[in-house]
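Protein chains in written order, with the numbering used here: chain V, 1 to 286; chain X, 1 to 169.
It is possible that part of the hints are untrue.
Cross-link-like lysine to any residue pairs, in silico, SDA-like; alpha carbons within 20 Å at most [said to hold, decoys possible]:
1) 18(V) to 100(X)
2) 55(X) to 16(V)
3) 192(V) to 71(X)
4) 42(V) to 133(X)
5) 18(V) to 136(X)
6) 52(V) to 132(X)
7) 52(V) to 79(X)
8) 46(V) to 79(X)
9) 42(V) to 128(X)
10) 108(X) to 19(V)
11) 172(V) to 134(X)
12) 52(V) to 23(X)
13) 108(X) to 46(V)
14) 46(V) to 77(X)
15) 42(V) to 98(X)
16) 248(V) to 268(V)
17) 52(V) to 108(X)
18) 52(V) to 100(X)
19) 134(V) to 77(X)
20) 42(V) to 129(X)
21) 192(V) to 135(X)
22) 42(V) to 136(X)
23) 261(V) to 137(X)
24) 55(X) to 54(V)
25) 19(V) to 101(X)
26) 227(V) to 46(V)
27) 192(V) to 77(X)
28) 18(V) to 63(X)
29) 18(V) to 89(X)
30) 18(V) to 55(X)
31) 18(V) to 98(X)
32) 108(X) to 11(V)
33) 52(V) to 153(V)
34) 192(V) to 136(X)
35) 261(V) to 138(X)
36) 263(V) to 137(X)
37) 42(V) to 100(X)
38) 55(X) to 12(V)
39) 19(V) to 67(X)
40) 52(V) to 128(X)
Everything labelled a hint here was simulated from the structure, so no lab data went into it.
If you want the building blocks of each chain, they are given just below.
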Amino acid sequence: MQTNRDDFIIAIRSAFLKKGTKQRFSLIALLFFSIFILVLGKYNFKGINFLKLSIKELVYRSTFIVSVPENFVISSYQTIRDHFYLYSNYENLKKDYESLKAIKLNNDFLKSENEALKSKINDVSAQSSELLAKVIIDKKSPFLRSVIINRGSKDKVILGMAVLDEKFLVGKVVEVNYSTSRVLLLSDLNSKIPVSIEPNGIQSILSGSGSSFGEIQYIKEDYELEKNSEIFTSGSGGIFRSGIPIGKTIANDEIGLNTIKVKFHSDFSQLRLVKIVSFEEIKSND
Amino acid sequence: MTEISKISILNKIFNSLPIIILFISVLNEFDFNYLNFKYFSFNFPFILIFYWSLKGGEKLGYGLVFVAGLINDVVVGFPMGISSLSYLLICGFAAYLRNITLRPNLIKDWLFFLFTISLVNSFLYVVLIIFFGIDMNYYFLFFNIIFTFLLYYVFSYIFDYYSKFTIMR
Chain V
1 MQTNRDDFII AIRSAFLKKG TKQRFSLIAL LFFSIFILVL GKYNFKGINF
51 LKLSIKELVY RSTFIVSVPE NFVISSYQTI RDHFYLYSNY ENLKKDYESL
101 KAIKLNNDFL KSENEALKSK INDVSAQSSE LLAKVIIDKK SPFLRSVIIN
151 RGSKDKVILG MAVLDEKFLV GKVVEVNYST SRVLLLSDLN SKIPVSIEPN
201 GIQSILSGSG SSFGEIQYIK EDYELEKNSE IFTSGSGGIF RSGIPIGKTI
251 ANDEIGLNTI KVKFHSDFSQ LRLVKIVSFE EIKSND
Chain X
1 MTEISKISIL NKIFNSLPII ILFISVLNEF DFNYLNFKYF SFNFPFILIF
51 YWSLKGGEKL GYGLVFVAGL INDVVVGFPM GISSLSYLLI CGFAAYLRNI
101 TLRPNLIKDW LFFLFTISLV NSFLYVVLII FFGIDMNYYF LFFNIIFTFL
151 LYYVFSYIFD YYSKFTIMR
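Construct the entire structure; sequences and hints are all you get.
Written out as structure tokens, the structure is:
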């Protein structure tokens with residue numbers, strides 16, 4: 001019994017303390033150093049933050065270069081797949097285009113009417129400034145859904161700015177470096193956005209699920225949601241302006257679950273160029 | 001003379017392939033997620049580090065594994081140091097198994113690998129949730145462990161083949 005315990009201790013000591021012939025550091029020293037960095041990072045130690053920023057700038061650029069062959073394979077795969085679905089996509093798009101043409105005319109009328117009414121009651125309206133950014137890293141990690149864009153503090157990007165794919169919200173800026181930033185996508189488990197569910201105007205929180213769908217959280221059971229209800233940002237908390245389209249609810253029977261799922265308008269796996277948008281509230285005057 | 005130096009450079013690159021692949025894999029994070037197979041993902045650096053640490057650790061220096069971990073944290077967006085810690089723990093478990101094994105057996109290594117990655121991933125999950133407040137989907141983690149475990153068997157044959165080829169050279 002005693003011998004077994006001794007063997008175990010010797011094996012552990014040899015594994016963690018002994019340096020190999022070609023090893024410069026012992027394992028235990030590096031383990032402690034990792035813990036040290038983790039703890040300092042947790043408490044936002046300045047030196048670690050500076051180290052982080054430097055490594056990030058270097059790594060993001062290197063990753064972009066190293067990812068070129070894989071990105072080529074991915075884009076070829078997607079192109080081939082798109083060719084197979086070309087005809088059915090064309091038929092669907094034709095139908096959508098006809099219905100959207102009618103909706104757009106209606107929307108233009110409502111928009112001008114809304115602006116006229118807002119100016120009459122001196123309401124606050126939002127003015128936005130946009131910045132175009134290229135997605136340089138899109139790793140689709142199963143644990144964190146985020147992308148890296150080629151705009152940073154030098155382009156006046158700040159934390160919390162909304163990121164749009166055309167007109168649709170895709171996420172917000174959660175990390176800003178000198179020339180790059182990280183965007184947390186709406187599908188990430190840690191993303192929580194205040195939303196409004198139309199046509200009833202129900203206020204709720206949209207959370208990411210880690211997969212390609214979002215989930216509506218914190219909603220009372222007695223609210224009845226219609227199938228294909230539109231989800232917009234509510235503007236609560238002042239993070240984003242209200243009315244940015246996000247997605248549509250999916251009927252529970254389609255996915256066989258009791259939670260309310262949201263299908264995003266934007267395909268997060270196809271993001272190439274995005275818009276970083278900041279909003280400023282302005283009082284309308286007569 | 002030029003020919004000899006060319007051959008020696010090529011030999012060096014060939015011998016350092018595991019560490020080169022490790023750095024490419026953490027920079028590139030290749031896991032075939034773009035195929036959109038639900039829940040499919042695997043952790044290639046875990047397989048690579050465990051296998052080569054088990055074989056003796058000459059191909060992978062602990063310092064380089066530590067740096068690879070830091071790079072992985074930056075790419076994935078995890079707190080700095082967490083991947084280094086998990087990679088080094090895998091090195092430690094593999095070194096322990098190497099020390100207590102007299103006759104290496106792939107099935108035993110494989111099962112010990114499952115135990116190691118389950119423990120390391122559980123540790124990672126607990127640290128991220130409790131200390132950093134980062135939410136993680138446990139199902140994704142579970143399937144990641146399963147696929148990493150299953151693919152170890154396949155990759156170990158590929159690495160064995162590479163090892164034999166290196167010895168022959």
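Checked hints:
This hinted pair checks out: residue 18(V) and residue 100(X) have alpha carbons roughly 15 Å apart, not beyond 20 Å. Simply put, residue 55(X) and residue 16(V) have alpha-carbon atoms about 16 Å apart, close enough for the 20 Å limit, and the pair holds. With a C-alpha separation of about 27 Å, the suggested pair residue 192(V) and residue 71(X) falls outside the 20 Å cut-off, and the hint is violated. About 11 Å separates the Cα atoms of residue 42(V) and residue 133(X), which keeps this hinted pair within 20 Å; it holds.
Note on residue 18(V) and residue 136(X): the hinted pairing is violated, with a Cα-Cα distance of about 35 Å set against a maximum of 20 Å. For the given pair, residue 52(V) sits about 16 Å from residue 132(X) by alpha-carbon distance, which is consistent with the 20 Å threshold. Restraint check for residue 52(V) and residue 79(X): the C-alpha separation of about 10 Å stays at or below 20 Å, so the hint holds. Taking the CA atoms of residue 46(V) and residue 79(X), the gap is about 15 Å. The hint holds against a cut of 20 Å.
At most 20 Å may separate the alpha-carbon atoms for a hinted pair to count; residue 42(V) and residue 128(X) meet this at roughly 11 Å. Restraint check for residue 108(X) and residue 19(V): the C-alpha separation of about 25 Å exceeds 20 Å, so the hint is violated. In summary, the hint linking residue 172(V) to residue 134(X) is supported, as the alpha carbons are separated by about 16 Å, within the 20 Å threshold. For the hint linking residue 52(V) to residue 23(X), the alpha-carbon distance of about 18 Å falls within 20 Å, and the restraint holds.
Proximity of residue 108(X) to residue 46(V) is assessed by CA-CA distance (about 45 Å); at most 20 Å being required, the pair is judged violated. Distance hint between residue 46(V) and residue 77(X) is fulfilled; the C-alpha atoms sit about 18 Å from each other, no more than 20 Å. For the hint linking residue 42(V) to residue 98(X), the alpha-carbon distance of about 34 Å lies beyond 20 Å, and the restraint is violated. At most 20 Å may separate the alpha-carbon atoms for a hinted pair to count; residue 248(V) and residue 268(V) meet this at roughly 15 Å.
Under the criterion of a C-alpha separation no larger than 20 Å, the hint pairing residue 52(V) with residue 108(X) is inconsistent with the structure, at around 39 Å. A threshold of 20 Å between alpha carbons decides the hint, and for residue 52(V) with residue 100(X) the separation of about 38 Å lies outside it, so the pair is violated. Between residue 134(V) and residue 77(X) the alpha-carbon distance is near 18 Å, which keeps this suggested pair within the 20 Å criterion. Restraint check: the Cα-Cα separation between residue 42(V) and residue 129(X) comes to about 13 Å, which is no more than 20 Å; the hinted pair holds.
A C-alpha spacing of about 12 Å is found between residue 192(V) and residue 135(X), which places the hinted pair at or below 20 Å, so the restraint holds. Simply put, residue 42(V) and residue 136(X) have alpha-carbon atoms about 18 Å apart, close enough for the 20 Å limit, and the pair holds. Using a Cα cut-off of 20 Å, the hinted pair residue 261(V) and residue 137(X) holds, with the two alpha carbons roughly 16 Å apart. Among the hinted pairs, residue 55(X) with residue 54(V) is inconsistent with the structure: their alpha-carbon atoms are about 34 Å apart, more than 20 Å.
Between residue 19(V) and residue 101(X) the alpha-carbon distance is near 19 Å, which keeps this suggested pair within the 20 Å criterion. A hinted pair counts as satisfied when its Cα atoms are at most 20 Å apart, and residue 227(V) with residue 46(V) does not qualify at roughly 50 Å. For the hint linking residue 192(V) to residue 77(X), the alpha-carbon distance of about 18 Å falls within 20 Å, and the restraint holds. Annotation: proposed proximity of residue 18(V) to residue 63(X) holds, straight-line Cα distance about 14 Å (limit 20 Å).
At most 20 Å may separate the alpha-carbon atoms for a hinted pair to count; residue 18(V) and residue 89(X) meet this at roughly 15 Å. A hinted pair counts as satisfied when its Cα atoms are at most 20 Å apart, and residue 18(V) with residue 55(X) qualifies at roughly 16 Å. For the hint pairing residue 18(V) with residue 98(X), the CA-to-CA distance comes to about 13 Å; that is within 20 Å, so the pair holds. The straight-line distance between the Cα atoms of residue 108(X) and residue 11(V) is roughly 17 Å, inside the 20 Å bound, and the hint therefore holds.
Taking the CA atoms of residue 52(V) and residue 153(V), the gap is about 15 Å. The hint holds against a cut of 20 Å. At roughly 14 Å between alpha-carbon atoms, residue 192(V) and residue 136(X) fall within 20 Å of each other, so this suggested pair holds. Using a Cα cut-off of 20 Å, the hinted pair residue 261(V) and residue 138(X) holds, with the two alpha carbons roughly 19 Å apart. With a C-alpha separation of about 19 Å, the suggested pair residue 263(V) and residue 137(X) falls inside the 20 Å cut-off, and the hint holds.
For the hint pairing residue 42(V) with residue 100(X), the CA-to-CA distance comes to about 37 Å; that exceeds 20 Å, so the pair is violated. Distance restraint check for residue 55(X) and residue 12(V): the Cα-Cα separation of roughly 17 Å lies within the 20 Å cut-off, and the hinted pair is therefore satisfied. For the suggested pair residue 19(V) and residue 67(X), the alpha carbons sit about 18 Å apart, so the restraint of at most 20 Å is met. Among the hinted pairs, residue 52(V) with residue 128(X) is consistent with the structure: their alpha-carbon atoms are about 18 Å apart, no more than 20 Å.
Going through the hint list in order, the structure does not satisfy hints 3, 5, 10, 13, 15, 17, 18, 24, 26, 37.
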